[in-house]
Structures are given as structure tokens and as C-alpha cells.
Amino acid sequence: MKLLLFPSYRSTDFEVHRNWLAITHSLPISQWYYDTTSEWTLDYPPFFAYFEKILSIPALLVDPAIIDLQNSNYSAWSAVVYQRTTVILTELVLGIALLRFVRGTENISVQRIISASLFFHPGFLIVDHIHFQYNGFMFGILLWSIYQIRQGNKLAGGFFFAVLLNFKHIYMYLAPAYFIYLLRSHCMSPTGELLPARFISLANTVIVVCVVSLGPFILMGQLPQLLSRLFPFTRGLNHAYWAPNVWALFTAADRVLLRYVKGSGINVVINESGISSTSRGLVGDTVFAILPDIKPAHTFLITILFQSIFLAKLWKTPTYKSFLASLTLCGYTSFMFGWHVHEKAVLLILVPLSLLATSSHAYCRTFVIASVAGVYSLFPLLFTPAEAFVKLSYALLWGFFTLLPLNNHTYEFPASLPWVILDMFEKTYLGGFLLLHAVLTLLPLLSRSFESLTFLPLMLTSIYCAIGLVWAFLRLSAIYLTQE
Amino acid sequence: MDEVSAFVPPEGAPKRQLRDRTTSFNSLPYIKPAKLRVGIDTTKPVLRNRASASSMKSAGSPTERSEIISPIPRRHLLQTSESQHWLHPPATPPFAVSREPSPVSATSTVASFRRRKASTQHMNFSALMEQERMRSFPSYQTIKPNDHEEEPGAGRRWVRWMHKNGLKQWIVPSAVGAAMYWKWCIGLGGYSGYATPPIYGDYEAQRHWMEITIHLPFHQWYTYDLQYWGLDYPPLTAYVSWLCGKIGTMFNPQWFALDQSRGIETPDSKVFMRATVLALDTVVYVPAIYLFIWAWQGTRSSRTQHLALLTLLFQPALHLVDFGHFQYNSVMLGLTLFAMNMFASGQDLLGAFFFVLSLGFKQMALYYAPAIGSYLLGKCIYLGPVHGLRLFTRLAAVTVVTFLVLFLPFLPPFSSFTTILDPITRIFPFNRGLFEDKVANFWCATNVAFKWKHWLASNVLVKISSALTFIGFLPSVIGLIQGSIKTRVWSSSQESTQAAQIESSANTPTLPLLPYALLTSSLSFFLFSFQVHEKTILLPLMPMTLLLSGSSPDSAAFSWGALMNNVAVFSMWPLLKRDGLGIQYIATLVVWNRLIGYNPLRLRKKSFVDLLSTAVYGACVFLHLLEFVFTPPARYPDLFPVLNVLVSTPVFVLIWLWSIKRGVEVGWALEGLPGSRNMKTSASQDRFGVESTAQRAAAANGESMRRDMGVRAMSLGYGESRRRLPFRAQSVEVEENS
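Protein sequences, first through last, are from chains P and A. FYI, full-length UniProt numbering numbers position 24 of the first sequence as 24, with every residue one higher than the one before it. FYI, full-length UniProt numbering numbers position 177 of the second sequence as 177, with every residue one higher than the one before it.
By construction, these hints were calculated from the structure, which means they are not laboratory data. It cannot be assumed that every hint is accurate.
Derived lysine-lysine pairs resembling DSSO-like cross-links, with alpha carbons at most 30 Å apart [stated by the list, open to error]:
1. K168/A <-> K427/P
2. K164/A <-> K321/P
3. K164/A <-> K427/P
4. K168/P <-> K53/P
To give an idea of the chain A side of the interface with chain P (calculated C-beta under 7 Å), a few residues [claimed, not checked]:
5. G177
6. D268
7. V271
Only a predicted model underlies this, so the values are computations on that prediction, with no experimental measurement involved. Every residue, glycine too, gets a C-beta built ideally from N, C-alpha and C.
Okay, chain A solo, but in the shape it has when bound (with noise of 0.2 Å):
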């Protein structure tokens, strides 16, 4: 009891007083009254109806008790996502579940929270308020030890048993020294086109690309050969192919000389080769990781942030790609990665740059040109004419410059016109087929049914294609302008342009619907695309786990994840299988869902994801057993692969709808923003129409909370502080009980 007490010092009305000021100077006339009634009844009935009824402020004990006012840490992105927090308040405590009903307060408060809970399902990111719980709350584990230790995931309790022994700053660095051992012992074994004579595989193109780069001049890079592995990607690969093939010559000019190489696979020139993709990814691609977790997840516990660390660096179908089939994608996805960063440290200019560097890195990282590109739109509105404008201009003078700079060798003053021409058309090829091998997506799963190239021509094909593409990411694209567009009034309000200036370099509201958008797009091109290869899942499969990331274990965004990435694992394994790494496919899928805890295998029906999951695993199995068992008939060679697109379209379709779904979701939370309340009340009057009481009531005080947080840090502290008030009293009554 002392202990809490201390903590919690009793208070009376008039300091409650003092901090509503505090919040009241902040927000807006609209919402003043009710907070001030609040502030006003301490009468225990009112008490308990304000409980239920509106707000995270129901302070638990009958006794007005009230928190001190703690040190603030800066907030970053998560907060923004974490406000929508308030609209959906967090899932029921899980020690009020365990615990026989207490007196008073706290019970209703459970009950409140626990019906509200009911409608409304999803939330993001609620792991966030579930981990800052446990930290702000001792006794948690105390009491209720048994909800951590179901299958706490290896990585939870390396991460656990790291801390308490006291290397905690260790914890960053041999995380990525195990990654760096499991990535290089993947590269171990084989790779595409692995002693496959004559063409070989992506190794070899690689390789070749190395070999012509630094023999051949500029203009002849995208021309030499062409039916040798001609180079295909924008010139960022090519300058980084010339640099790793000048340092490989350094070692062995045997490896990279021009024509005689073709096809060498002696062991060092391999070592060699996965060095490079190794250095490559731990230069580019972890350290965007490591920045991610700072830049958007730099207000979660640090054991939160080590566990998101590890989720993402032991990604299994990255690495399968990159160090077992040989690729450099985690180049272009670090560098997107750096881009979104930047975004989200308010650094537009930066992060266009990185993206524009990640787009001639990888042609196909304009998968997520959709998203960012409405996101710095969007932007562009938010900020009102002026400033709006202005960054406009900015951005695009950077975006060219970038381009021009990277395509610099290829332009008049250093070559003729038509050079620029070569890697054009090479980059992209709109001459080959809709899809090639059997890949998991909307063209090749329909494909069972209705034969495509049969019924239309090519040209067509393409524009239907590029249709439902467009029709894909629309929403996406749709959720990042309108929510500028609604945010955009406060700005341009003319009491505002110093704040305007402000934020300019701070958070965008429109900021936590990006990982979002960048699934809906990324996934919309992979579904519906034109010439789409497996290994492009990859690109959803980022922001994907970026979301998988932070949540916890019950989220629904840990689900979807974790059932992408296995189902995608799954859906290369046509490809894996053919590069002979079917070992590491077993092995990498296996500690990595050991490492987030996630059991594939264990059923589970709380939701649809779970049963979906469980479908789907079983399938998966099943599949992966007959095909161990039988040979596939000789009519249809290609049986398992289409059996393995068949059950893997479906999963990336839902995922697509789902993450649709979330962006309208967090889209909504943005419409409670600081200002758009003036301006449309009518609006969100209509809305309130359609929705239930307690949706109501939890929108109008996460109103008021967004309200807070959009202006300054320290009223989100003061938000933070008030949710954990009910916990506090919980525990003061656990003191008491015991």
C-alpha cells in the first residue's frame, strides 16, 4: 500500500482543477463543457457513469486519486497510431479477467472498457498500450503470471533473460551478429541456377552483371549480350555491381573477366559473391531496421523494441531470398525502409531522395510509388497553399534531381540520345507475358479456370492489368488524400501558421496510414500486375512485418503477419525447392515463428484470422506431404505448384482486403483531428447518427484526446497518465487485498 500511495497521492478537486486547465488551453471550445463537467462531479454515481460513459479519466478510487505528472519521453510516430488508441480503447486488462470483481470504480471501468471492446474488434498496435501497461505497472506479472507464459516465443525470453542479466546494451549488437551467422549459414547452400549449365540462375546474373560493369563502357551495359543475363534493373544496381566487381578483382580478376567467367562457381568466387550480399544488406538494409525501430517505435519499452528488432532481422522469406535463391533485395527494401524513416522524422526531402535511390536500385519498388507518392501529396495539402506548395516544389526538384543524377551517364552530354532508350526498355518489359512461373497471384490462381492468354490479346491483357492495378492501390491512395484533405483546415486557419511551421517538421497525421497504404499498393501490384515474379512478395511482405513488428501476440495484426510471411515462405517454395533449399526453408520458418512465438500448428478460433490460419496451415502441411508422397502425374507436371498458388492467392487477397480495411479504420481515427471539428460538425454528427452510444462516447473522448496529442507531447503525457489510472487503482485494491 505504501508504495502505491506513493505514487498515487491523494488529491483533491482543485489541482484536478489546475491540470484540466492544462488541457483546456490546449483544445478547442467545441469540447471544453464536457470536459469540465468531468473535471467538476466527484460524486462516486456521476463517477461511475463518467466511467462508462466517456472517459480514460474515470480515476479509479472513490477517493479522487490522481498520478504525478512524470517526465515525458519524446513521442514519435506510434503515437499518432497510439491515439487511435483512445477511439478503440485497449483490450480488456488482463488481470480484470483473472481477478474476482473488485468494489467500486475499477469494476465499472473494466466493464465499460470490456463493452467497448466488444464493438469495436480490431486495433492496432495494441500491444503498444499493452507492453507501456506492464512497464507502468509493476504487480502485473504478479498477478497474473500465467497470461505471459503462454508461449512466451524464444526471442521474448532471450530478450527477457538479456535484460535481466544485465546486457541490455549487448542486446542490439550480437542480435545482429546471430543474424549476420544465420544469413551467411543459409548461404551455405545452393542458389539459383546452381551448376545448371548453360544460362544458369539469378546468381549468375548477378555475377555477369559485376563481370560487365567494370569491363564494358556505360552505354554498353544495357545493351551487351543481351541473352545472357542482360542487365535489366535501373543504374543504382549497376554502379553497385561495378563496385563489388572492382573489389572482387581486387582479390581475383579470374572471378569477373569479361566472357571467360561466365558460369564460374569456384568456392571463394561464392564467398566472395555472399559477402557482397551480406555487407550490402548489414550496410543498407539493418540499419534502416535499427532506425525503424527508433524512429517509429522510439516511445515503446525497449524490450518491445529489441523484440521488434528481432522479428524483423530474422525475417524468414528475405533471407531465403536474398542469401539462399541470391538476390540484393534488401538493398532496395532498406533503402525504402530509410525513406519512410525519414517521413516519419519529418524529413520529406531526405526520405523522396532515399525512395527515388531505392526506385533505381529496384524498378520494382515503384510497387510502393502509389503510396508514398500520395503520401507526400497529402502532405502537400495538409499543409495549406503556402507551405503546402512550397514543399511541393521542393519535393519534386529533389525527386528529378535524384533521377537525373542516377541516370546521369546515360543522358546527351555524356551519351547520345537514344542511350537512354536501353535501359528503358529493359527495365521495363512489357513484351513478356502476363506471368511467367506459377505465382501466387490473381492472374495465375484465375488462370485454373479461364485460360487469359487464350481469350485475350497481349496488349489487352496489359491494360486490364494496369486497370485493376490502379483499382487496387485506389483506396490506398484515396485514405492518404482525403485524410490531408480533412486534417488540411486547421492549418490553413489563419491563427495557425506558426503551428503550421511546426509541424512542417513534425509528424503528419496522415503518417500511420502509410505502412498501411504501402501494403494495399505493394499488394495490389502483386495481385494484379502485369509480369510479376514470387519473389516480388517480398515488397508487401515489409510493411507487413513492420506492422507484425510492433504488436502483441493477441493483435490482429501479429496474425495477419505472421500468416503472411509463412504463406509466403510457402508460396516461393516451387522456387526454394528448385535452388535445393528446402533445409533452410524448414529451418529459417521455424525459428523465426519460435522466435515471435507463434505456434503455426496450434489451433486456435478466437477470430477469423485464426480459423483462416488454421486452414491454411493445414493445407500448407498437407500439400508438403503429398507432395513428399507422390510423384505428380505426368498430364500435369505443374500439379503442386498450382495447388500451392491456389492456396496462397486467396491469403494474400484477404490480407490485401484487410489492410484496406485498416487504412479506412485509422482513417476514421484521423478525422478527430484538432481543428475539423469547427468546420464539420454536421459531419461527424451524421456519423455519430449511425453509430452506437458507446462508439460514441469513445470517439468523442478520443476526439478530444487526438486533440491533445496533435498539439503538443505534454498533453499526450497527461492522456497517458490518465489511462493508467485504472490499473493504479487495481493495484492499490491488490495491496489492499493482500
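If we strip away everything but chain P, and leave its shape as in the complex, we get (with noise of 0.2 Å):
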């Protein structure tokens, strides 16, 4: 089904793997991270530059000009159909996973429903075989780790995970509840005591793995350039498009306040470089005009003091439902406190949190406000006309087949008249997004003269989605540290 989104849109990160393949093929391994013939330099870490590197062995045999390091931007139709395959091919990791998944679970057909959305995630859609990356392929391992977790096997699902930072580094969001869950529930016996033995085995993994990854460019001493690689923190708080998290928000809120101090004449501070510097749409940094300026340290800080919270809870009761959610609530609070957090970064959210959707309808109805709003909040990526129909339709389908049948597995009336009410709001909410997408389709139409407009779709976007995950997160976390 995939083949026939072949020949659509791709985005710069199709030229970014064709590059990575070419350096990683034509360049020896001390090269790797230092070349810079093209500006799409390699910045994951090294697993995933092996793993370009065995890609790159056919596409020799298929068109020698996709690894040619000079060739720039080369879009020959060899390379479209080659490189694209092996995203369809990698992603059968994600299916085998989630076949697993489905076999040995008490509800199989609500577990079936789980598998196939997942493997279906207009998310992946967009972001793979449109947009063009391997997340797929990574969420596959992170999966195949998850299920070795729930089969017991917690090594196994430490090495999983392991191997899958070393494939791709903003996994780091989920490290924390991994790092508390493995060590509270394989390394301690459950009165408390420590187990060495299975914390050095454990620590042994890891280590291995690491070693085996970065092993060659710590030979090299190249570990530092490595490291600047993977982590830029030159770049600003929000990403060009914001995504939809809590920084939008709290931006959206300086612009109005702005344009309310400029209108009302209210003597206020102002910033005048972030007069002009937000939202215009450059990776650079965000200034504020009106409320305080936010540092890489405080988001740090606001991160890390949630996610202490909620791995307290883990700590105190290290089942894998917890570790589930707690997984889930990890990613989310990076995403939504994070610096220059990337808006494909609402995957590392939806995914876990599918696995969670069947236990109550709370977590499901959570489900699915997060997901219709992440999934929404990712067809900016996509804004050629021709994929318009494409992502909409597939979105509408995918959460017509799994959102519907979901709720209706795990539906509970409201109990009471306040959740009554909220049940009313979440809906409104959900339906809006049916006037949100009109507004946005009619509004090119209709202001073509407003040329200072143009990034009002962006923002209306973002704006709409992060309400809807914020709530989600604020909804996800209540229920979670709430339960039993």
C-alpha cells in the first residue's frame, strides 16, 4: 500500500539519508562525524550510522549515484523507489513486534486493534513514507524492548533499549523511567534489597553495548566531536513550526499579550528584539517580547522536576502497566517542557501510550485526544497540495478503524455532572479540529493579499494541538498518579 506514496513529497530528510549513506559508504569510519561536504551532516549516533552504512551496500548494486558523496540533492527515481523500500523493509521490525504483541495477551482482539493501529499510525505515515525517516524501524526495537519487559525477560529489554540509543538519541526522553523501572524491579528484590549480580549483568549490557557502538570513535578520541554532533544546543527554544507543546502556548500567550500592550499603550518592558524574532520561522533562537525569557536550564529543570514525580510513583509500584505509563508520561513531559523540541517527536508519546489506551476508557479517551491532536499537529509536514488529500483521508480512516472500536471496547459513562461536562469539552475539542481544518484549507483562499499572515495556519495549528496535548498530559498524569 506504502508503494504507491512513492512518488510524493519528500522533504529534506530524504536528502539527508541519501547524503548519510554516501558518507557512511565512501568515507572511512574516523570521517564519519568530521565530514561536511553537505550542511546534512550525520548527528545520530553511531548504530545508526552502521546501519547506513549495510543499506548502503545494495544501493550500490541498484545505482551507484545514490552514494556518491558530491552528488547532491539526486533524486533519480532509482534512489526514491531504493531508499524508500528499505524504510517499508525496516519497518516490518515494527510489525514482527507488534505480532508478538498480539500473540500470549489475555484480550487478543483488543490487542489485535492496538497492533494494527500502530503498525497503520498515520504518524509513521506521514513521517516515514512521506516525509521520509526510519521511526518505523526505531519503534520497532523500542516495541521489541517493551515486549520482552512484559514477558519478564528485563534483561533482554535493557539491551533492547540500549541498542536503540545508540540508534537514535532523543529516545534519551524515555531513559529515565527505563533506568528507575529496571533497576527498582529486576536489580532489587521487592523488599528492597540489591541484587549485584543482576545489576552487573545488567550494567554489563549496557556497557557492552555502548562499547560496541562507540567503541571505534572513542579509539579515535573523536567522542567530543560526536557528542556536539548529537547534541546542538545552539538552536532555539521552539523549532520553526512549534510543536505543539507547552512553550507554544506560553509564546502564543507573549504574542497576544503583545499585541494587547501595543494596542492599550499599558507601560510594560518591552524586549524589542523578540518583536520581531518570534515566530518568523527561523531555526534560531526565541526571544520574548513581554514575559520572561526561557533558558535551556529551565526547561531542564521543569523536566526533570516532573519526571521525578512520576518515577517516584514508578518506584513505588514497578509493575508494567506503571512502567507503561511512566514511560509514556516521560516522553511526554519532554516533549512538552523540552528544548527545541521537534514536533515528530509526538510519536515517542502516542506510541507507548496505545499500548496503555485498552486498560480504562480513561486512558483511552486520553488516547485519543492526544492522538488526534499529535496526529494533527503533524500535517504541517506535509503542506504540497497533493499530499493534502492524502494525509487527511488516511487520518480520518486510521482514526475511524481503531479510535472508534477502541472506545466503544473500554466505554464508560460519565459518573458525574463535572464529567459530564468535561466529556462535553473533549468533544467540542475534538470536533473542532473538522472547523479548525476548514479554517485553515478556505483561509489561503481567502487572504491571498494578507502576506503577513502567512504563518497564522502554522500557529492556529500549533496553538489548537498543544491545548489538546497539554490537557491530554495533565489528564495522563492525574490518572496516573491517582490510581492503584
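Using the supplied hints, reconstruct the complex from the two chains, each of which is provided in its own coordinate frame.
The structure is reproduced here in C-alpha cells:
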């Protein structure tokens, strides 16, 4: 099915990955993290580089031009077909993991819906198959790891997660939950005594993985260079298009206040550079006009603070369900408060959250809100008209096939008046997406003259999705913290 | 046991008598004695005799059980084809094979079924029976689950899943949505003439027509710069183009600027063009399919209906040509389908209107004209001199008026006399060659051995091809007319003037012949006529897919239909390859075959079709591999297209023959219609003379059933309930065994 999307729009990430294929193929390993032939330097951890290296071998057979380092912006049909095929094939890792999930669960039919929904997740369709990345593969590894943990095979779970971290470091967001959970449930007995043998085996596993991955670079003394590539802290608080998180709301509030201040003439200190900086869509620093500036340290602190709350809960109840929830929440917190979060990171929330969705109606409803908002927030990744219909119809179909049956399976009637009102609000919010989409579609047609408003649709999308995601975050935290 | 006995209350002779009276009320004296005998005999030995000899009535259990007469759903067209089933009883009930022989009557029934099955190999729409039996017989699945699990097909599983999850009412919208998504994705790929100046391809042609129709007055439409994609479709296409062009100009006038916009391929104009195809398809073709399911398969279980809908929605060939290659065939096919639906519901005038629209959209619909024309003529004959003549004049009036309206701008009051000649000469280009590209038809295939163009002059070829085409569709025409003549007698007899009026608004006996006739006639055009395109295979493909859509996976219609669909797509491969649609070619084929649960690469050797399919698929795969590995030698640059033609043509010829054969078979079934018996006893006795005993019995029984069905829906339900009996009896045994 995804074959048909081959000719669709490709983002710069396609060229990025092609360039990486070229780098890993044509350069010796010592040059990998130094090469700057193209502006798309390799900024994933070493396992991913190895992975690209492996992929580049068949590419040589298909079309040698793919892996030519100088051949920038090469997008012949053969290259497209080859690279897209690799995405589809590597996604099978995800498929197999999901099949395993179905087996050996008590509620097969529901789990099957979940598995199917993950496999056909519009997030993957948009980000992997159209936009071009290898998220299906990565999440496949993550799910393998979770699967192993569900089966009680915690060492293997830790191993897979370590591997995953060395593929893509964005999964650091989830690491605290893994660490706490493995420490508490694997390395300690229920009464709280440390089991050194287990601890050492786990530590060794992780270290071995890291050595395999980073070893060559440590030997060559390239670690600082590698790390500087992996963690660029020079970027701004928000991405060009604001990821729908707390900071998006914060920035929006700043803009609104600015308008208000300008209009009413209240004498407030205005940071002049902020007026022009925000929302101009540059990958640069965001400076606020009225509200206080945010530094990376602040975001870091807030993230840690929230995460520690959830981790404390996990420490107390180290069960699989609790692990899943705190895993989700860790990712969620990072997404909500992180520095320069990319909107694609929303998948990090949606995937583990799907596994939780079946446990109760509250989770399910949270999942519904988060999915709808999250998937919608991915829409701006594809902005060409031809894909507009694809993403919309696909997301609608997906939502229809997964959210509806899930809702039916877990439905509970709202118990009291506040819940009924809440329920109504949530439904209104979900319905609002239709309105939002209608407005966004019509806006360019109506207002060709408003050049200044080119950013408005993105802003609207971002803010509206941010409301949903923040609400889902609060909801999920409340559920997790209150449940037994 | 409890449940079943509640279902099948024990019952004595009196009630059975009563029921018999109900039938005989409708039936005619001729058959009555036999029926009475059946009703009276209650002793076991005779019962056994009866079961094997004549009737479906052979109530299963020794204690003479009967059924509750349940409310009977409204019957539609398929009821008439269903009735052929009485002539050819259904395939052996699956569970009967797996089980050990059970005592008494059920076995004997089954045995007789089996025997009769051997004598009559092919039965169309046997799926119908299969499905209905499953529905009416709940323990079917528990008895033989294995039978059901062999390659159920993704579509079937999905439909089942939806039903189980209480999403039944959402199937149609979501299937349509999914199909739209699918079509759009196909549209992301290349199209005919993509980036090939100066003349481009079909995409540019369609766009160009939008351009000229919105900028030029009527009389220039068919004359403007003919070298650059002059309009060569009938006026309705031009009007639709005009509409699309107008809408497109609202978005961006650049897309359709006169002469300036030639070869424009900006992303947004492409999106718009694709959107027009999708919109027209959704407005015309999808509702037509939906109505088809409703009108022709209204009696089937909803799962089967949904599955049929899926089959039709995802038909690969149409998708590839319309959404990949870029054309508007679905509009023409949709209009024809509307016409068929109208015929099925008795609205002949509306049907004729729609068919003329279809003709007015693309002259290709002429391929269907012999079948539809003779169907309508047949119906006039069937209705007898008075009603028939009235219908005939009405039909003629509707047809002529519709044509006049379509061509109105080109007719005298609005333009000069000669203007009308422009569209006509453009639409029928007899000055082109016998064939252009490599088409999988008779001419192109035989051209390998016999160079027609060298041997014969063009005008002779035209005559030969016309004659062959005529011979080709003759069987279907004869079948339809003959069927009507045979059935006519009844309605013209004195007592039934009233009934004739009823009939004029309901089904016509020849209706089940119509899909086969359409298939025969369009295939004969495709195979033998002049100046055929490879895309034209879509026309014969439509009736075939309609037949396929309702059939069960083990029926002949299914095998032939799937084979034809796949081969048709294969035959368009050279075209698709040129358009850069290779990936879409693979994807659509895989998805559709998965959807209907058909695996082309699986080895089957049950019947001739299966063997043929295996051979053909083998050849296709081999050709693809060959093409992938070798480049054709310089001497024969067209080597692979020609080989493609040589593989595809025999298949199409065989399907053409099959459609004729099926047409004849269905035609036989018509003979048993009520009333014909009176007049033609001797004729049918002749027929009996040559047929086997078993067949005769079946025919006699079918005859009586026909009688019941032709008259009232009520007797249909009666027939059905009788049919169920054997299975009920079995269920009783199962319960007892367990």
C-alpha cells in the first residue's frame, strides 16, 4: 500500500539520509562525524551510521549514484524507490514486534486493534513514508524492548533499549523510566535489597552495547566531536513550526500580550528584539517580548521536576502497566517542556500510549485526544496540495478504524455532572478539528492579500493541538498518579 | 436439539397439503399432478425416491418436518438467476463431505445433490446459495470451520471484523473513503504523456479540452487545431470538460489559458486535474456501484453485498487507467451501470436515458449497444404486441430526445447544417488504421503470422472487422431476443393482461442474461472491431467484474473474473510502463487480489479455468522476468508488447466463448418460464429426450420453481424454505450426535 506513496513529496530528510548513505559508504569511519561536504551532517548515534553503512551496500548495486558523496540533491527514480523500499522493509521490525504483542495477551481482539493501529499509524505514514525517516524501524526496536519487559525478560528489554539509544538519541527522553524501572524491579528484590549480580549483568549489557557502538570513536578520540553533533544546544526554544507543547502556548500568550500592550499602550518593558524574533520561522533563538525568557536550564529543570514525580510513583509500584504509563509520561514531559522539541517527537508519546489505551476508558479517552491532536500536529509536515488529501483521508480512516472500536470496547458512562461537562468539552474540542481544518483550507483562498499572515495557519494548528496535548498530559498524569 | 426443533416444528400431512395448495394456486395444471404426488407421499421409501428423483422438497427427517414460513425479503434481479439454481442444484453442501454419512434422508439428499452436480458443472451465482445457506444455518461454521478458513481474503475478513465490532453501518462510507484514498495515492504517480513535449498524452488531451471548451464557441469545439488533441469524444465529455474548466479557472486562470497553457504541469494544476477525476468518479461511478449492489444483489446477505462492493470499488484496471493513466472512463461506465440498475428495477425509460448519456460521454459505450438494444427490444417482444409496442415507442422517443438534447448546440437552430458533421467525423475515425498500438485483440495477435495491412486494403479490413464483430455479438443478441420470444407467449395470453402490466414494472425474464450479453458484445467489439485501444478492455471488464462481485470463491465466474481482471491489467502493462506506473501496477494488483482472496500464484487444478489461469500467470511472470533481465533485440523493439498480446488474447477469446456458453445456459433456464409449458410441451419433450435422467428431473423441478418465482415473491420464499430443509435435517442430526 505504501508503495503508492513513492512519488509523493519528499522532505529534506530524504536528502539527509541519502547523504548519510553516501558518507558512510565512501568515507572511512574516522571521517564520519567530521564530514561537512553537505550541510546535512551525520547527527545520529553510531549504530545508525552502521545501519546506513549496511544499507549503502545494496544501494551500490541498484544505482551507484545514490552513494556518491558529491551528488547532492540526487533524487532519481531509482534512488527514491530504493530508499523508500528500505523504509518499508525495515518497518517489518515493527510489524513483527506488534505480532508478538498480540500473541500471549489475554484480550486478543483488542490487542489486535492496537497492533494494527500502530502498524498503520498515520504518524508513521506521514513521517516515514512521505516525509522520510526510519521511525518505524526505531519504534520497532522500542516495542521489542517493551515486549521483552512484558514477558518478564528484563535484561533483554534493557539490551534492546540500549541498542535503540545508540540508533537515535531522542529516546533519551524515555531513559529515566527505563532506568528506574529496571533498577527497581530487576536489580532489587521486592523488599528493597539490591541484587548485585543482576545489577552487574544489566550494567554490563548496557556497557557492551555502548562500547560496540561508541568504541571505535572513543579509540579515535572523537567522542567530543560526536557529542557536539548529537546535542546541538545552539538552536532555539521552538522549532520553526512550534511543536505543540507548553512553550507553544507560552509563545502564543506572549504574542497576544504584545498585541494587547501595543493596543492599550500600557507601559511595560518590551524586549524589542522579541517583537521581530518570534514566529518568524527561523531555526534560531526565540526571544520573548513580554514574558520572561526561557533558558535551556529552565526547561531542563522543569522536565526533571515533572519526571521525578512520575518516577517516584514508578518506584513505588514497579509493575508493567505502571512502567508503561511512566514511560509515556517521561516522553510526554520531555515533549511538553523540552528545549527545541521537534513535532515529530510526538510519536514518542503516541506509541507507548497506544499500548495503554485498552486498560480503561480514562486512558482510552486520553489516547483519543492525544492521538487526534498529535496526528493533526504532524499535518504541516506535508504542505504540498497533492498530499493534503492523502494525509487527511488516511488519518480520518485510521482514526475511524482504531479510535471508534477502542472507544466501544472500553466505554464507561460519565459518572457525575462535572464529568459530563468535561466529556462535552472534550468532544467539542475534537469536533473543533474539523472546523480548524476547514478554516485552514479556506484561509489561503480568502486572504491572498494578507502576506503578513503566512504564519497564521501554522500558529493556529500548533496552538490548537497544544491545547489538546497539554490537556491530555494533565489528564494522563492525574490518572497515573491517582490510580492504585 | 431444542433450538432446532423450535425452528422446525414437527408437522403432519395436512399442513403440507395446505402449503402445496398455495403453490399450486400459482402453478399451472401441467405440473400439478407431480406436486400432488410429492405432497401426499409420506412413507419413507418413497421419500427417498423423491429426494433423489425430483425435489428439493425432500424434507430431511423421517418425521416429516417442515419449516416456519418466515417473512420473505423483497426479491430482486438475482432471484431470477437464483432460480436457475433450481435447474442446477447447488454444489455439494460443504459439511456433508466432511461428515460421515448420516442416516436416512439427509444422506440420500446429499447423494442426489452430488450426482446432479456432476451432470451440471457450472452454475452461476452459486455464491448466492452458499451465503444464504450460511446465514440461514447457524451451525454451519461450527461444523466445518476449515472450509471457511482457506484463504478467506482480506476483504472478507475485514467485513467480518466490522460486523463483529458493531461497525456494520460504517462499512460503506469507510470503504468508499478508503477507495478514495487509494485512488488519490495512485494519482500521485505518473500519467500519460508526463513531461513529454511537444504533444504530451491523454492527460494533456483532457486538459486541453477543458481549455478549448471554456474559451471557444460551440461550433469551434470540434474543429479547433485538430492536430493538437482535437476533441474526439461526444458532446457530454465536452460539457463536462467545460464545467471542470470553469471551476478550474476560478482557482487559477493560468491553468486553462487558451494556447498559453499547453503542456502546463504545475503541481497545483495536476492536483486539480486529479481532483476532477476523483470527484466525477465519486459522483457517478461509486453511487452506480452502490445501486448495483442494491438492485442486483439486494437479496444477498449484507456481508456478501459489502464484499461485492469492495471488489468493485478496488478494481485495479479501472484505477490504473483513470487515476494513473488519466481518463474519465468511470463516468461512462458509471452511466452504463446506472442504466443496468434501472433495467433491473424495471425503469426501462430511465435506463435508456442513462445509456444514451453514457454513449454521449464516450462513443466506446457502443460496445454495449447490441446487448442493451436487444435487451430492450426483447422486452418489447416479451410484453406482447400492445404493451410492447407502447414501450417501444416510448423508448424510441426517450432515446431520440436525449440524443437531440445532447447534440442540441450543433443542430440547425443554433448552428448551420454542416456543423453536426464535425463531431460525427471526429467521433468515428474510420480513416485511422486497423490498430494503433499493440492491443490484445484478434487483429493484433494474428498480425504476427498474417500481415493484414499488406494483404488487404483498408476498406476491406473495415468490412471484415465489422462482419466479425457482428458475428461476435450475434449470440448475445439472439440469446436475448430468443429468450423473450420464448417467454412472450405467457404474457400475451388472454388471461394475463393484468399480469403483463405488473410485469412491465418489475423484472424481465431475460434480465439475468444481460450481464453475459454485455460481456459477449463488448468483448466481440474489443476482439474484432476496428481501431481498438488497449484501454478499451475496461468495457468488457465491467460486466465481468459485476458477475465476479457476487460469486463465491469456488465458482467459475469467480475464477474467470479474477483471471480476466488480472490479465487485463497485464495486457495494459506496456502502456502503464510508458506512463511510469510500474509501482502502481504491482500495488493495485496485489491489493485487489488480496482483497478478494485470490492468489494467482497458487496452483489449482480443479477445472479447466484453474489450469488455464495457472498457465497464464506463469507466462505473465515469466514475461515480466524476461523483460526485467533482457533488453529486446534491436530487430524487434516491440518484442515484449507482442508477446504480451499473444498471452492476453487467447484469454480474452476464451472468456468471450465462455460468456457465450453461459449466455446459452442461462437462456435454457429461461425456457422454463411460466406458460411456455402449455405451448411448447413437445419441444421440451424433445429436449428431455437428449438429456440425462437426472437433468430431466432437475429441469422438471426447476420448471415448477420457475413457475412459482415468476409469479410472486411469495412462492420464492416457499422455494427457499424448501431448499433449506436438507440442511436443517442435518443440523438436527448434528445436535443429536453431540
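How the hints compare with the structure:
no., hint, result
1, K168/A <-> K427/P, "23 Å, holds"
2, K164/A <-> K321/P, "28 Å, holds"
3, K164/A <-> K427/P, "26 Å, holds"
4, K168/P <-> K53/P, "15 Å, holds"
5, G177, "6 Å, holds"
6, D268, "6 Å, holds"
7, V271, "4 Å, holds"
The structure fails none of the hints (numbered hints given earlier).
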